[in-house]
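K.L.:
Each chain, letter by letter, is given below.
Number of protein chains: 2
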Amino acid sequence: MLTDRIRQFLDSRRFDGPVVVVDREVVRENYEAFARALPDTRIYYAVKANPAPEILELLAGLGSNFDTASVTEIRQVLAAGASPDRISYGNTIKKERDIATAFELGVDLFAVDAVEEVEKVARAAPGARVFCRVLTDGEGAEWPLSRKFGCTADMAITVLEHAHRLGLQARGVSFHVGSQQNDLGAWDKALELSAYVFQTLAERGIRLSMVNMGGGFPARYLKEIPGVMDYAGAIFGALRKHFGNRLPETIIEPGRGMVGNAGVIRSEVVLISKKAADDDKRWVYLDIGKFGGLAETMDEAIRYPIRTRHDGGATGDCVIAGPTCDSADVLYEKAPYALPISLEIGDEVLIESTGAYTTTYSAVQFNGFAPLASYVI
Amino acid sequence: MLTDRIRQFLDSRRFDGPVVVVDREVVRENYEAFARALPDTRIYYAVKANPAPEILELLAGLGSNFDTASVTEIRQVLAAGASPDRISYGNTIKKERDIATAFELGVDLFAVDAVEEVEKVARAAPGARVFCRVLTDGEGAEWPLSRKFGCTADMAITVLEHAHRLGLQARGVSFHVGSQQNDLGAWDKALELSAYVFQTLAERGIRLSMVNMGGGFPARYLKEIPGVMDYAGAIFGALRKHFGNRLPETIIEPGRGMVGNAGVIRSEVVLISKKAADDDKRWVYLDIGKFGGLAETMDEAIRYPIRTRHDGGATGDCVIAGPTCDSADVLYEKAPYALPISLEIGDEVLIESTGAYTTTYSAVQFNGFAPLASYVI
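The listed protein sequences correspond, in order, to chains A and B. Going left to right, the first sequence walks through residues 1 to 377 as the UniProt record's numbering numbers them. Going left to right, the second sequence walks through residues 1 to 377 as the UniProt record's numbering numbers them.
Source of the hints: derived by calculation from the structure; they are not laboratory data. Incorrect hints may appear among the rest.
Since the list gives no way to pick one copy over another, a pair counts as held whenever it fits inside one copy or between any two copies.
Said to hold, decoys possible - DSS-like mimics (lysine-lysine), calculated; alpha carbons at most 25 Å apart, straight line:
{"no.": "1", "residue 1": "K274", "residue 2": "K241"}
{"no.": "2", "residue 1": "K275", "residue 2": "K334"}
{"no.": "3", "residue 1": "K334", "residue 2": "K281"}
{"no.": "4", "residue 1": "K274", "residue 2": "K189"}
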């Protein structure tokens, strides 16, 4: 959302190319909303959503924990002032030498989803804590998950038993219901699977203690979405239903939900044209596109709110595209986007809810365009 | 292709992450093959395919011209030693201030596809040469083009007349039959449209002189493709058919065709696992994926040849995925890829024909992973 602070910052400078501006105060409010809604759940911020040092420092100061995908992210979190016991190495795909480096840095909590990965962890980080990711189907998510991460619940039982046998601490399970998950029932199904893994292993003498409920907490894009309190209620209800009075320790990993709505991209209209004299749609070309930070428009999955100085006037359908010489660099085409008729070349365009998954997705120099510039204010 | 020089280079070093290695000798051979096959056509290398300084210097020395997408690419070409008269600013989507900068740097050849763009060029680069991009349907291309670039032939006539009226030099038309275009007839159709624009404008007193036939010259991926000489024959035949004895000056803009087969990516197997005990497919996770340089596997459009030390042995179907915590970072899933059964975690994997559209597509730091390292030898 466009806060007064972001508006003032944008008005105080001139920009030659696209920029994203993130308002720290919104990130703080998001953190506090999660902490209030789920007081017994530990928050692990998904660093990949936006690893800007100012954001990591803010969250470290607020007491957040951190979910990391690589050794580089672990080092960024440590540099922001968090101790290694607040870090989870949450990527299920790790080189053995990276596991060893993380362990040397003090990290001892690792995600796994295969016996092959457990063996790497047992060699490179003996005695460490592990949790196993379980496959859920991700239905209802706007940015659907494939089967890339996780394994079936039965396989998770095998994986955690194997970890236990190799001297690791089998701690629990994780799941991820899909990013931008709008169906509250998705958590219920995943928690049911989790309880099954807990119970089966308990019968074999292995006591799990932790459920990592992942992310999937939506930011506010174009559609109305349930608020954090609604999510909290649904999740708590499902926990009681499947675990009874023996509630496990719980973890969540919000990324988009923590920083998505805190950021706004300022872009510029480079060209508005038609393909033929009788074309019924305008083509609007911006100075940012799929390779400049808006990768999540892939398959038109995420529809960002767009604001212009002409808002409120008459609108007409547009195809919106990026500035590169790549024909795949089109943001919205199958479902055209209505923009003001009076929009002009050179106009500023504000793309809201772009604080997550924009800066780091940005290509290093595609077509010679610089990566997305980022400011945290 | 894996040349002896690339193999020796790879064997002489240790790599911690993925690298692409491009063999300059293959680029040289490709340039010479184009020059031999189309002696009367000027070659404009599409810099966006791979802007490595060593490649630009090699091609500048061989006499190539350059197709650029941005002011940054123009500066890179000038730094490589080519004079500005050998540069085309081929992006149809340009900020007016970027047109002015290019013109100050000596560039005076610009692509347009709309009257709105012509007006920018007329203001920022008075008297410059322009050519108008015409829409073709791109059927038969493995990496299909949308309607993002170009306009209808009738609109192109309007655009070029408008340029003429504003004091620009209306030089001709361009088209792009689609990258990896395997259907030789696609050029025929595009040249027929071009001849129609030439003839209509000639009747109105405007003499065009140039046809820019774009790129679309395939590199050798998995499928057998027609060789450069076959392309040359088909194109020359179509030119004669549609322009008779008044052959226009011609330009081609090979990018992938110049550097694609000159490069090999060296990657490492990070994990091989199954999702369930009875899974019939292995999941093979590499240390490079969609966000690390293999963006062109989007929709599994391009199927790169993959070599391992186990080639020749029994194979089995795999899903191949990248190393990031992003479920969209899967390379081949819908059409599984057969890899050797004996492939192991830690093995080297060579991905061939990756000299084009890899380094620059690479994300700046997604999940904390560094952009693809690049060597030109």
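K.L.:
Which of the numbered hints are not met once you compare them with the structure shown?
P.N.:
The structure breaks only hint 1.
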